[in-house]
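Make a model of the complete structure from these sequences and hints.
Listed in order, the protein sequences are those of chains A and B.
Residues 1 to 193 (the working numbering) are what the first sequence spells out, left to right.
Residues 1 to 199 (the working numbering) are what the second sequence spells out, left to right.
In case anyone wonders, no lab produced these hints; they're calculated from the structure.
Cβ atoms here follow ideal geometry from the backbone N, Cα and C, with glycine treated the same way.
Among the clues, some could well be false.
Stated by the list, open to error - Just some of the chain B residues that point at chain A, by a computed CB distance under 7 Å:
(1) N9
(2) T13
(3) V17
(4) A21
(5) G27
(6) L28
(7) T32
(8) I36
(9) K158
(10) I171
Stated by the list, open to error - Here are the simulated EDC-like pairs of lysine to aspartate or glutamate, each with C-alpha atoms no more than 20 Å apart in a straight line:
(11) B:K153 x B:D178
(12) B:K80 x B:E37
(13) B:K153 x B:D164
(14) B:K43 x A:E95
(15) A:K193 x A:D14
(16) B:K33 x A:E95
(17) B:K130 x A:D165
(18) A:K67 x B:E37
(19) A:K120 x A:D14
(20) B:K43 x B:E133
(21) B:K157 x B:D178
(22) B:K130 x B:D56
(23) A:K189 x A:D14
(24) B:K63 x B:E37
(25) A:K120 x B:E4
(26) B:K130 x A:E95
(27) A:K3 x A:D14
(28) A:K160 x B:E135
(29) A:K160 x B:D178
(30) B:K108 x B:D56
(31) B:K71 x B:D56
(32) A:K65 x B:E4
(33) B:K130 x A:D14
(34) B:K43 x B:E135
(35) B:K80 x B:D56
As the list claims (entries may be wrong) - Pairwise CB distance ranges (calculated):
(36) B:N189 x A:S155: 38 to 44 Å
(37) B:G111 x A:P69: 54 to 60 Å
(38) A:Y182 x B:A95: 34 to 40 Å
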Amino acid sequence: MSKLSLITKGLIKDNPTFVLVLGMCPTLGTTTSAINGLGMGLATTFVLVLSNMLISAVASLIPSKVKIPCYIVIIASLVTVLQFVMQAYVPALYETLGLFIPLIVVNCIVLGRAEAYACKNSVIDSACDGLGIGLGFSLSLTVIGFVRELLGGLSIFGNKLCDGDGMLAFVLAPGAFLVLGYLMMLFNKAKAK
Amino acid sequence: MARESTFTNMVVTLFAVCLVAAAVLGGLYALTKEPIEAAQTAKINAAIGGVVPEFDNAPSAEKFTVEANGKQATVYPAKKGGEVVGYAIEASSSAGFGGNITLMVGFKPDGTIVNTSVISHAETPGLGAKISESESHFVTQFQGANPADPSFKFAVKKDGGSFDAITASTITSRAYIDVLNNAYNAFLNINKSGEAQQN
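This is the structure in structure tokens:
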């Protein structure tokens, strides 16, 4: 499979949110606005690419019975590295995303790709797979955040369209489920054609 | 493919992975410790600058803590030409919707609130998180209010007070005012301890 198709596969065919339905906790929790969704998606992409590469490089050295604990240690370390670096050099971004960074550790997309793909494929292929899945995740989170922000806060990427409060329910948890459900339906309908 | 899962192999692998992870994290912690502290100090200084009248000292170098109603609050005195022109008080309340709310509250020496600024909170985005919009009516309504003045009652209107709450975020609004009360109690205690120091 070509590198490009490895990347595009994560966007549509294996879209982690709408098709694989993985990583629902950050999807529902962080998509209160488009920018939060995008930030969470990109932070996850960063961890996903690095963890896929690292795990694919060391996979042959790890006995199969202890591979899950080893992967978790690697992923958690990467997330902590990201957290330290962001806190030190981009404090403004850390302010907005700080809460969600530790959530990446428990995002099953990261462990899922390590287990399903990275441990059986080359470093380059794993990096492409991580990038594709990560971008797919970012895209879905941004779209969900966009819709929720628009309906709930009447704004687009933080810019208020008009005065008023919008439908508050969409900013809260129930709105996340509703938006996710409808978007999943539309996505799969479009994909089936 | 993967190495055989013998006891020795597993122990050695896990030990090696954890050792490398611990070494990397420890090293990085040491490297980023200073920039992280610098970023936090910069944030505190920016918050102080926003809530007290103009000053020419370094309030974060002269900070001290006071206790009020069993709670600790950090006080940053702002001075101009050696005279105290205001106090920035970092106080918090655990009554928020999502846990702790920490604010920087600036007082003039007579107890009038100059301004308030949010240091940290975990309120619902789109609702309670509006407390961090520093230009909003909710935040600006406290400017110039003096808790000692009987015409201001520090509570939301729903509880018979003088201040508007954020729509659909009464709990957050109550907690915000709770922080202001804590900060004011701390302020009263500084004056006591300040007079004691002068005597």
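Here's how the hints hold up against the structure:
1. For B:N9, the interface hint holds, the least distance from its beta-carbon to any beta-carbon of chain A being 5 Å, beneath 7 Å.
2. This hint holds: B:T13 has a C-beta 6 Å from the nearest C-beta of chain A, less than the 7 Å allowed.
3. A distance limit of 7 Å between C-beta atoms decides the matter here; for B:V17 the minimum to chain A is near 5 Å, and the interface restraint holds.
4. A cut of 7 Å between beta carbons decides the hint on B:A21: the least distance to chain A is about 4 Å, and the hint holds.
5. About 10 Å separates the beta-carbon of B:G27 from the nearest beta-carbon of chain A, more than 7 Å, and the hint is not met.
6. A distance limit of 7 Å between C-beta atoms decides the matter here; for B:L28 the minimum to chain A is near 5 Å, and the interface restraint holds.
7. Look at B:T32: its Cβ gets to within about 4 Å of chain A, closer than 7 Å, so that hint holds up.
8. For B:I36, the interface hint holds, the least distance from its beta-carbon to any beta-carbon of chain A being 5 Å, beneath 7 Å.
9. Because the smallest distance between the Cβ of B:K158 and any Cβ of chain A comes to about 18 Å, over 7 Å, the interface hint for this residue is violated.
10. With its C-beta approaching chain A no nearer than about 14 Å, B:I171 sits outside the 7 Å limit, and its interface hint is violated.
11. Using a Cα cut-off of 20 Å, the hinted pair B:K153 and B:D178 holds, with the two alpha carbons roughly 12 Å apart.
12. Restraint check for B:K80 and B:E37: the C-alpha separation of about 26 Å exceeds 20 Å, so the hint is violated.
13. With a C-alpha separation of about 11 Å, the suggested pair B:K153 and B:D164 falls inside the 20 Å cut-off, and the hint holds.
14. The straight-line distance between the Cα atoms of B:K43 and A:E95 is roughly 11 Å, inside the 20 Å bound, and the hint therefore holds.
15. At roughly 16 Å between alpha-carbon atoms, A:K193 and A:D14 fall within 20 Å of each other, so this suggested pair holds.
16. Taken as a hint, the B:K33 and A:E95 pair is honoured in the structure, with Cα atoms around 17 Å apart against an allowance of 20 Å.
17. For a cut-off of 20 Å, the pair hint linking B:K130 to A:D165 stands: about 12 Å separates their Cα positions.
18. A threshold of 20 Å between alpha carbons decides the hint, and for A:K67 with B:E37 the separation of about 36 Å lies outside it, so the pair is violated.
19. With a C-alpha separation of about 18 Å, the suggested pairing of A:K120 with A:D14 holds against the 20 Å cut-off.
20. For the suggested pair B:K43 and B:E133, the alpha carbons sit about 16 Å apart, so the restraint of at most 20 Å is met.
21. At roughly 14 Å between alpha-carbon atoms, B:K157 and B:D178 fall within 20 Å of each other, so this suggested pair holds.
22. Taken as a hint, the B:K130 and B:D56 pair is broken in the structure, with Cα atoms around 32 Å apart against an allowance of 20 Å.
23. The hinted pair formed by A:K189 and A:D14 meets the criterion: a straight-line CA distance of about 15 Å does not exceed 20 Å.
24. Only pairs whose Cα atoms come within 20 Å are accepted, and B:K63 paired with B:E37 is accepted, the gap being roughly 16 Å.
25. For a cut-off of 20 Å, the pair hint linking A:K120 to B:E4 stands: about 16 Å separates their Cα positions.
26. As the CA atoms of B:K130 and A:E95 are separated by approximately 15 Å, the hinted pair is consistent with the 20 Å bound.
27. Restraint check: the Cα-Cα separation between A:K3 and A:D14 comes to about 15 Å, which is no more than 20 Å; the hinted pair holds.
28. The suggested pairing of A:K160 with B:E135 holds, with an alpha-carbon distance near 15 Å, which does not exceed 20 Å.
29. Distance hint between A:K160 and B:D178 is unfulfilled; the C-alpha atoms sit about 30 Å from each other, more than 20 Å.
30. With a C-alpha separation of about 15 Å, the suggested pair B:K108 and B:D56 falls inside the 20 Å cut-off, and the hint holds.
31. For a cut-off of 20 Å, the pair hint linking B:K71 to B:D56 is broken: about 29 Å separates their Cα positions.
32. Proximity of A:K65 to B:E4 is assessed by CA-CA distance (about 9 Å); at most 20 Å being required, the pair is judged to hold.
33. Restraint check: the Cα-Cα separation between B:K130 and A:D14 comes to about 37 Å, which exceeds 20 Å; the hinted pair is violated.
34. For the hint pairing B:K43 with B:E135, the CA-to-CA distance comes to about 18 Å; that is within 20 Å, so the pair holds.
35. About 5 Å separates the Cα atoms of B:K80 and B:D56, which keeps this hinted pair within 20 Å; it holds.
36. The beta-carbon spacing between B:N189 and A:S155, approximately 42 Å, falls within the hinted interval of 38 to 44 Å.
37. Between B:G111 and A:P69, the C-beta spacing of about 57 Å keeps the proposed range 54 to 60 Å intact.
38. Evaluation of the 34 to 40 Å hint for A:Y182 and B:A95 yields a pass: the beta carbon distance comes to about 36 Å.
Of the numbered hints listed earlier, those contradicted by the structure are 5, 9, 10, 12, 18, 22, 29, 31, 33.
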